[in-house]
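Participant: One letter stands for each residue in the lines below.
2 protein chains.
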Amino acid sequence: MLDLAPPACPVPLPPANRTVFFVSDGTGITAETLGHSVLSQFELRFKQVRLPFVDTLDKAYDATRRINEVAETDGKAPIVFSTLVKADLSAVIRQSKAMHMDLFQTFVEPLEQELGVKSTHTIGRSHNTADSEEYKNRIEAINFSLAHDDGQSNKNLASADVILVGVSRSGKTPTSLYLAMQYGIKAANYPLIPEDFERDKLPSGLVNFKKKIFGLTIAAERLSEVRNERRPGSKYAAIENCRYEINEAEKMMRREGIRWMSSTAKSIEEIAATILQEIKPDTR
Amino acid sequence: MLDLAPPACPVPLPPANRTVFFVSDGTGITAETLGHSVLSQFELRFKQVRLPFVDTLDKAYDATRRINEVAETDGKAPIVFSTLVKADLSAVIRQSKAMHMDLFQTFVEPLEQELGVKSTHTIGRSHNTADSEEYKNRIEAINFSLAHDDGQSNKNLASADVILVGVSRSGKTPTSLYLAMQYGIKAANYPLIPEDFERDKLPSGLVNFKKKIFGLTIAAERLSEVRNERRPGSKYAAIENCRYEINEAEKMMRREGIRWMSSTAKSIEEIAATILQEIKPDTR
Numbered sequence: 005m006l007d008l009a010p011p012a013c014p015v016p017l018p019p020a021n022r023t024v025f026f027v028s029d030g031t032g033i034t035a036e037t038l039g040h041s042v043l044s045q046f047e048l049r050f051k052q053v054r055l056p057f058v059d060t061l062d063k064a065y066d067a068t069r070r071i072n073e074v075a076e077t078d079g080k081a082p083i084v085f086s087t088l089v090k091a092d093l094s095a096v097i098r099q100s101k102a103m104h105m106d107l108f109q110t111f112v113e114p115l116e117q118e119l120g121v122k123s124t125h126t127i128g129r130s131h132n133t134a135d136s137e138e139y140k141n142r143i144e145a146i147n148f149s150l151a152h153d154d155g156q157s158n159k160n161l162a163s164a165d166v167i168l169v170g171v172s173r174s175g176k177t178p179t180s181l182y183l184a185m186q187y188g189i190k191a192a193n194y195p196l197i198p199e200d201f202e203r204d205k206l207p208s209g210l211v212n213f214k215k216k217i218f219g220l221t222i223a224a225e226r227l228s229e230v231r232n233e234r235r236p237g238s239k240y241a242a243i244e245n246c247r248y249e250i251n252e253a254e255k256m257m258r259r260e261g262i263r264w265m266s267s268t269a270k271s272i273e274e275i276a277a278t279i280l281q282e283i284k285p286d287t288r
Numbered sequence: 005m006l007d008l009a010p011p012a013c014p015v016p017l018p019p020a021n022r023t024v025f026f027v028s029d030g031t032g033i034t035a036e037t038l039g040h041s042v043l044s045q046f047e048l049r050f051k052q053v054r055l056p057f058v059d060t061l062d063k064a065y066d067a068t069r070r071i072n073e074v075a076e077t078d079g080k081a082p083i084v085f086s087t088l089v090k091a092d093l094s095a096v097i098r099q100s101k102a103m104h105m106d107l108f109q110t111f112v113e114p115l116e117q118e119l120g121v122k123s124t125h126t127i128g129r130s131h132n133t134a135d136s137e138e139y140k141n142r143i144e145a146i147n148f149s150l151a152h153d154d155g156q157s158n159k160n161l162a163s164a165d166v167i168l169v170g171v172s173r174s175g176k177t178p179t180s181l182y183l184a185m186q187y188g189i190k191a192a193n194y195p196l197i198p199e200d201f202e203r204d205k206l207p208s209g210l211v212n213f214k215k216k217i218f219g220l221t222i223a224a225e226r227l228s229e230v231r232n233e234r235r236p237g238s239k240y241a242a243i244e245n246c247r248y249e250i251n252e253a254e255k256m257m258r259r260e261g262i263r264w265m266s267s268t269a270k271s272i273e274e275i276a277a278t279i280l281q282e283i284k285p286d287t288r
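First to last, the protein sequences are chains A and B. When we follow our numbering, the leftmost residue of the first sequence carries the number 5, and every step to the right adds one. When we follow our numbering, the leftmost residue of the second sequence carries the number 5, and every step to the right adds one.
Just so you know, these hints were derived from the structure itself, not from any lab. The structure presented is a predicted model; accordingly, all values stated were derived computationally and were not measured. Don't take each hint at face value.
A pair holds if it fits inside one copy or across any two, identical chains being indistinguishable in the list.
Unchecked claim - No farther apart than 25 Å at their CA atoms in a straight line, the calculated lysine-lysine pairs in the PhoX-like style are these:
hint: 1; residue 1: Lys140; residue 2: Lys239
hint: 2; residue 1: Lys255; residue 2: Lys215
hint: 3; residue 1: Lys101; residue 2: Lys122
hint: 4; residue 1: Lys122; residue 2: Lys80
hint: 5; residue 1: Lys284; residue 2: Lys140
hint: 6; residue 1: Lys51; residue 2: Lys284
Turn these sequences into a full structure, and let the hints steer you where they fit.
Facilitator: Here is the structure:
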């Protein structure tokens, strides 16, 4: 289990006195992902409210009431990101006193025109879409990544899509799990430990799989900080030891021709997307 | 480690002869989430291409070339979902022969008007936004959920946000990890096993935390199927045994006043969003 570097410390944001609602007839994950992405372009802090599973007229009226109450309290129109596939539910929500960002209205209708077919207006399709094969693969990948976390097992490495290596706490575990969960990638991970540096060799289980190994490295200062949180004042966390391990790990990866990147100040999402691009650029 | 039920088996979709591009100056995760959600409303199969980290003019011209090549090969305009915060990069991509769904152009500009402030047009803000506190919490939650997977540890249960319980393979592990990764929720999980049913009591470590326990159940037929994949022909996987365990688990949860839901035919996202709504309805 490893930490990742948080991004560079930002200045606290001023409050916007605005409430943002994520309204959906499903989980609300699409509305929220979209909303966060758009809002991240403004240096303001928003109060956020999730309203998932709004899938009946009654719930839509309830949601509308909540939005209107907040509009009153805030004295400013809330911002509503919505993904409602049913026209009648969407119509109810749009009556509320808010600024509306309606994903389906905006994108689905033009796409119907372009494709020359009607959309299905089916609730809850985002996450189990297309084929259950894809979903099964994700679950299998999560199980695989858990079973192959932190060098636990050499079994079935042949069926791994990628094997992450790096010193302890360089970010391998969360990245492996994210790759599995988001993309259905079977990601094993192996720590590079002082014994490997003394032998000056990759862990023996890995030598046959060099093509799918991907390395993570991290700035020594950041690594020391992260390790100190777990084992304060230990040799393991000391800056000299961190420098030594990172140096040895990078030397080894360079010599073995292993692709690698730094996880310092990168989010799991960024690390995962970069790795994916290296190992498997296109989906299906 | 547990499987989840895949959604009901869908009919294979007809190919659309259309290629979809997800173009982003960052990870592309927002473009992809948005795109999948919109495309899931059409009963067609699309060829999908990810183009993440398009953050220079050169890369934008490359992307445009790729899109135009596909337009030629397919004989039909590709569909481009893009999240490019820089106007010059966006302008290059929009010259390609495609149908464009531009997230920033569509939503950020109206929001600038409504909020009366300019957006920052900063690349790569989606995932480390707002405050690094939030990001740190997510990593901590992932580590917590891993350390408390499958009843591994009774330590620090007081700091869990939720404790999932259910029979083996009812979906607890992937749900816990998803709650941690997506929402920064510290989710422990505990199996309910035949010994618990014989004693007719909740695992003793849990009795003080009843308020944050959430149960998962699953249809016996589905459970038997999932268990048979792992241990074919075992007593563990036999339908009678699955029926017995599920029946006992539901009886126990009912008696203890534990909220629960069925994971059968639900995606991890749906289960997680439902649990979140029960334990922590609003963000911040």
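Participant: Any hints from earlier that this structure breaks? Give me their numbers in increasing order, please.
Facilitator: none
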